[in-house]
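So the sequence lines, in the order shown, correspond to chains A and B. For the first sequence, the UniProt record's numbering assigns the number 1 to the initial residue and increments by one for each residue that follows. For the second sequence, the UniProt record's numbering assigns the number 1 to the initial residue and increments by one for each residue that follows.
Source of the hints: derived by calculation from the structure; they are not laboratory data. A couple of the hints might just be wrong.
[To be verified] Restraint-style ranges between C-beta atoms, simulated for each label pair: (1) A/S42 <-> B/Q15: 29 to 37 Å; (2) A/L226 <-> B/V193: 33 to 41 Å; (3) B/N37 <-> A/Q152: 34 to 42 Å; (4) B/R233 <-> A/N227: 54 to 62 Å; (5) A/N227 <-> B/F68: 34 to 42 Å; (6) B/K121 <-> A/K267: 56 to 64 Å.
[As the list claims (entries may be wrong)] Below 16 Å or equal to it, Euclidean Cα-Cα: the simulated EDC-like pairs (lysine to aspartate or glutamate) are: (7) A/K204 <-> B/E207; (8) A/K267 <-> B/E207; (9) A/K203 <-> B/E207; (10) A/K248 <-> B/D184; (11) A/K237 <-> A/D271; (12) B/K248 <-> A/E116; (13) B/K204 <-> A/E164; (14) B/K124 <-> A/E165; (15) B/K267 <-> A/E164; (16) B/K248 <-> A/E164; (17) A/K248 <-> B/E207; (18) B/K248 <-> A/E165; (19) A/K248 <-> B/D160; (20) B/K30 <-> B/E8; (21) B/K203 <-> A/D160; (22) A/K124 <-> B/E164; (23) B/K237 <-> B/E116; (24) A/K248 <-> B/D268.
Glycine included, each C-beta is placed from N, C-alpha and C at the ideal position.
Number of protein chains: 2
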Amino acid sequence: MPNLKIPEHQVAGHQAKNGVLGPLIDDTGKFYKPLQNDERGSNELAFYTSLNSDSRIPSKILNFFPSFHGTQILDASDGSGLHPHLVMEDIVSNFTNPSVVDIKIGSRTWHPQSSEDYIHKCLKKDRESSTIKLGFRISGLRSLGSNNQLWQPHKKLLMDLNSEETMLILRKFVSSDGDSDEPDCVFASRVYVSVLEDLLELKKWFEVQTIYHFYSCSVLVVYDKLNEEKNARAVVKLVDFAHVVDAKGAIDHNFLGGLCSLIKFVKDVLDGVCGDGKCVSKMKCSTVSENLNPLS
Amino acid sequence: MPNLKIPEHQVAGHQAKNGVLGPLIDDTGKFYKPLQNDERGSNELAFYTSLNSDSRIPSKILNFFPSFHGTQILDASDGSGLHPHLVMEDIVSNFTNPSVVDIKIGSRTWHPQSSEDYIHKCLKKDRESSTIKLGFRISGLRSLGSNNQLWQPHKKLLMDLNSEETMLILRKFVSSDGDSDEPDCVFASRVYVSVLEDLLELKKWFEVQTIYHFYSCSVLVVYDKLNEEKNARAVVKLVDFAHVVDAKGAIDHNFLGGLCSLIKFVKDVLDGVCGDGKCVSKMKCSTVSENLNPLS
Numbered sequence: 001m002p003n004l005k006i007p008e009h010q011v012a013g014h015q016a017k018n019g020v021l022g023p024l025i026d027d028t029g030k031f032y033k034p035l036q037n038d039e040r041g042s043n044e045l046a047f048y049t050s051l052n053s054d055s056r057i058p059s060k061i062l063n064f065f066p067s068f069h070g071t072q073i074l075d076a077s078d079g080s081g082l083h084p085h086l087v088m089e090d091i092v093s094n095f096t097n098p099s100v101v102d103i104k105i106g107s108r109t110w111h112p113q114s115s116e117d118y119i120h121k122c123l124k125k126d127r128e129s130s131t132i133k134l135g136f137r138i139s140g141l142r143s144l145g146s147n148n149q150l151w152q153p154h155k156k157l158l159m160d161l162n163s164e165e166t167m168l169i170l171r172k173f174v175s176s177d178g179d180s181d182e183p184d185c186v187f188a189s190r191v192y193v194s195v196l197e198d199l200l201e202l203k204k205w206f207e208v209q210t211i212y213h214f215y216s217c218s219v220l221v222v223y224d225k226l227n228e229e230k231n232a233r234a235v236v237k238l239v240d241f242a243h244v245v246d247a248k249g250a251i252d253h254n255f256l257g258g259l260c261s262l263i264k265f266v267k268d269v270l271d272g273v274c275g276d277g278k279c280v281s282k283m284k285c286s287t288v289s290e291n292l293n294p295l296s
Numbered sequence: 001m002p003n004l005k006i007p008e009h010q011v012a013g014h015q016a017k018n019g020v021l022g023p024l025i026d027d028t029g030k031f032y033k034p035l036q037n038d039e040r041g042s043n044e045l046a047f048y049t050s051l052n053s054d055s056r057i058p059s060k061i062l063n064f065f066p067s068f069h070g071t072q073i074l075d076a077s078d079g080s081g082l083h084p085h086l087v088m089e090d091i092v093s094n095f096t097n098p099s100v101v102d103i104k105i106g107s108r109t110w111h112p113q114s115s116e117d118y119i120h121k122c123l124k125k126d127r128e129s130s131t132i133k134l135g136f137r138i139s140g141l142r143s144l145g146s147n148n149q150l151w152q153p154h155k156k157l158l159m160d161l162n163s164e165e166t167m168l169i170l171r172k173f174v175s176s177d178g179d180s181d182e183p184d185c186v187f188a189s190r191v192y193v194s195v196l197e198d199l200l201e202l203k204k205w206f207e208v209q210t211i212y213h214f215y216s217c218s219v220l221v222v223y224d225k226l227n228e229e230k231n232a233r234a235v236v237k238l239v240d241f242a243h244v245v246d247a248k249g250a251i252d253h254n255f256l257g258g259l260c261s262l263i264k265f266v267k268d269v270l271d272g273v274c275g276d277g278k279c280v281s282k283m284k285c286s287t288v289s290e291n292l293n294p295l296s
């Protein structure tokens, strides 16, 4: 049995603490996600199996998915005994000081075949969050500052951001001190140039692929502020496939629209930094900060 | 007063017949749309006014909107007396034998500020039609065959098309006899090459514009089967702006996603025709036709 522990850098989803069933990691770079009992579990397993056996998926695109290592029965994190887990790549395991953001893509998180109860629940959350307005929502964020300070805004604060607040959060994410009202954006170029490249690659695929529709799926961005050399390039991965369905002949217009919206934000952050990567819209940032702070 | 009549080629929206309030046309190429009494009327008027005074709209993009000539008070088509009308370009007036399709873009036809009643009504229709599945729905279609035969499928038949049926309808729209189960696609290249060009131009704009969000807005495609010379190029216009709202800093991911989905269908029709523009998937077409016909 591998030496399992609770992941420290997880920013969204069910978390294995206080007796809750959640994912575990080992020290060899593997991530163990408990198979959900309902159809979500079997659906995610079916997706990974299909993805890795479908010759229509270009290898460049396959790289955006965590590599998959089947299932394994393990002691569940909630102490409830043996439970089947999906075994996949632990995306942050290559980073010593990972800064992570989880962005749930799409202006709709439910698909037409969902139950009425589920649709109602999702639609409510989509309307209360930035999902309907922006085409995505930031589900979680954790940033380890250059001063080794942790900035991890509360999920409730991230849920319902307008576009100015979203810009500010995306700027803070690439600043030396995330918690500062005047983000310096010193990591903007290093992180977002490559992130943009990856998102544009994904966009090209989503413009033509009629294999899957991804509901409630996230783009995860990970980089390391402290270790420029080793992990200069930010990592972009898609995660969470419990709600992937057959495309039935149409492109995933819902995911693609949200992805294009995120791309525009990333471009705008890059446009707002000067040649040496520093933020040139400090004035604007601090005004929005004042509006955000009462909630934090 | 201009010599007004009921437009013959209108395929979607309120129609001025049987005592209903609807649009009128004159013989100088103008289209008179009754200003709706509620906020939809003032909203559409405000949109046209804003569009034509906003220097951020490139002139290439302005060309995709009907030209606007203000408002005019006219005798209403329902005989209720004087009523204010929006005066705009009659898009089909340059065509002797127009074939027209109206495609409502977006997988959501309501915006977050709408009333609960309106959202409920739209969501129901979006779910019952192809809107949620494909990111658009064909709201109306009228095709004047080379044999001068009219093909105008019932709106109910068009509402809930799956992707194969949508492909078939888009093929039939560019065939000499729309009603045939084996569409010959003889007009596919002439029509869809230029339509594709226009849709891609629109797509480029929608990837960056953060001025408007267009809900319940349609792409109208018009061409003439009988008059190749005069109107060889199909006309692509956006219509219906009663539900345009401020973009609030984000791109219109909902319209863009649906537009990209339509683009993929148009590309697929073009990919399915051989060098001389003829349909090469006749077998497939007639199978889908069998499924469609019981409804027609």
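Hint check:
1. A/S42 <-> B/Q15: 29 to 37 Å: Violated, since A/S42 and B/Q15 (Cβ atoms, about 49 Å apart) do not stay within the stated range.
2. A/L226 <-> B/V193: 33 to 41 Å: Violated, at about 53 Å.
3. B/N37 <-> A/Q152: 34 to 42 Å: Given a distance of about 51 Å, which is not inside 34 to 42 Å, the answer is violated.
4. B/R233 <-> A/N227: 54 to 62 Å: Between B/R233 and A/N227, where Cβ atoms are some 57 Å apart, the hint holds.
5. A/N227 <-> B/F68: 34 to 42 Å: violated (58 Å)
6. B/K121 <-> A/K267: 56 to 64 Å: violated (36 Å)
7. A/K204 <-> B/E207: holds (13 Å)
8. A/K267 <-> B/E207: It holds: about 11 Å lies between the C-alpha atoms, which stays within 16 Å.
9. A/K203 <-> B/E207: holds (11 Å)
10. A/K248 <-> B/D184: Measuring from Cα to Cα gives roughly 25 Å; hence the hint is violated.
11. A/K237 <-> A/D271: violated (24 Å)
12. B/K248 <-> A/E116: The hint is violated at about 31 Å.
13. B/K204 <-> A/E164: violated (23 Å)
14. B/K124 <-> A/E165: Cα-Cα ~32 Å, so violated.
15. B/K267 <-> A/E164: violated (36 Å)
16. B/K248 <-> A/E164: Given that 16 Å is the threshold and the Cα spacing comes to 9 Å, the pair holds.
17. A/K248 <-> B/E207: violated (25 Å)
18. B/K248 <-> A/E165: The hint holds at about 12 Å.
19. A/K248 <-> B/D160: holds (14 Å)
20. B/K30 <-> B/E8: holds (14 Å)
21. B/K203 <-> A/D160: Measuring from Cα to Cα gives roughly 27 Å; hence the hint is violated.
22. A/K124 <-> B/E164: Status violated; Cα separation ~32 Å.
23. B/K237 <-> B/E116: violated (30 Å)
24. A/K248 <-> B/D268: With a Cα-Cα distance of about 14 Å, the restraint between A/K248 and B/D268 holds, given a limit of 16 Å.
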